[in-house]
Amino acid sequence: MIISTIVGLLLICISVIAYNYFESDQTEKGKNAEAKESKIPEVEEYGGIHLKEVGDKVRQKNWGSFTLLESKSINESFELAPMVITVKDIRRIQLSLLTDEAKEELKSYTGLSFEEAYSIYYKENLSMEEIDQQAALSKTDIDEEVSYLEITYSIENKDSKELQFFSMENVTFNDDLTYDVPSKSFIHSGDTFIGTKKVSRSDYQPGELRKGTIGLLVDPEAKLDRLDSFSFTTDDIADGESHELLVDGTSFEIPLKGK
Numbered sequence: 019m020i021i022s023t024i025v026g027l028l029l030i031c032i033s034v035i036a037y038n039y040f041e042s043d044q045t046e047k048g049k050n051a052e053a054k055e056s057k058i059p060e061v062e063e064y065g066g067i068h069l070k071e072v073g074d075k076v077r078q079k080n081w082g083s084f085t086l087l088e089s090k091s092i093n094e095s096f097e098l099a100p101m102v103i104t105v106k107d108i109r110r111i112q113l114s115l116l117t118d119e120a121k122e123e124l125k126s127y128t129g130l131s132f133e134e135a136y137s138i139y140y141k142e143n144l145s146m147e148e149i150d151q152q153a154a155l156s157k158t159d160i161d162e163e164v165s166y167l168e169i170t171y172s173i174e175n176k177d178s179k180e181l182q183f184f185s186m187e188n189v190t191f192n193d194d195l196t197y198d199v200p201s202k203s204f205i206h207s208g209d210t211f212i213g214t215k216k217v218s219r220s221d222y223q224p225g226e227l228r229k230g231t232i233g234l235l236v237d238p239e240a241k242l243d244r245l246d247s248f249s250f251t252t253d254d255i256a257d258g259e260s261h262e263l264l265v266d267g268t269s270f271e272i273p274l275k276g277k
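Position 10 of the sequence shown, counting from 1, maps to 28 under this note's numbering, and the rest follow consecutively.
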């Protein structure tokens, strides 16, 4: 009886010591993680522009942290006369430690856009409100970590007249992952903030040069581990005043292996 009691007390003591050690270890790990996070540079503007080398990290104030996972330097120009599109970089970036506001903002770019929902459900004679509800139901919550694909580029109108154009209507990665850029890019900068509809876009003035940045969320189920290829399809070119079609849109492809 005495031996059983002593053994029981020893087991209790070992359990308490192990619990305290575990708690202390987890607390220490948490403090180390916080310390590492506090050392990451903090910026006010879009964090992606501060990432230079794979592994670089930066914190965007009141938004979240950015880590560069993969970078492909392109620096190639593609001409759909008289428009010239120059693709600068294509990168894969991880987001973490996102604020609740950032998660809600990004959630709106998941699932179906209204246009995509309309193309699926209009045959079912649903009302516009019902189609909008279907689009809303398709949205998914943002995980603690999520990655996105960033495209930086510029576009120049080399004509002497005003033109209507949008450089990247659709893009595809690895011949599989396709996006409708106007509705799925969460970064609105330069060439990309001019509207999802042709009628809402600002025309290119003669000789105008614009820079653009596109950000497209990667569905966790896509399991995109490496960028091997990239292609994009342009909008048609139309006269800025008469809206007469001048040049049909076309597609360009960029192999990424070896870059």
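Please keep in mind that the hints were generated in silico from the structure rather than gathered at the bench. For each residue, glycine too, the CB sits at the ideal point set by N, CA and C. Take these hints with a grain of salt, some might be off.
Capping the alpha-carbon separation at 20 Å, the derived lysine-lysine pairs in PhoX-like fashion look like this [what the hints assert, rightly or not]:
1. Lys-176 <-> Lys-157
2. Lys-57 <-> Lys-79
3. Lys-75 <-> Lys-90
4. Lys-57 <-> Lys-229
5. Lys-275 <-> Lys-79
Restraint-style ranges between C-beta atoms, simulated for each label pair [unchecked claim]:
6. Gln-223 <-> Gly-267: 14 to 22 Å
7. Glu-262 <-> Leu-155: 37 to 45 Å
8. Met-146 <-> Asp-194: 13 to 21 Å
9. Leu-227 <-> Thr-117: 29 to 37 Å
10. Gly-276 <-> Asp-159: 19 to 27 Å
Find the hints from earlier in the document that the structure breaks and name them by number, from lowest to highest.
1, 4, 5, 8 and 10
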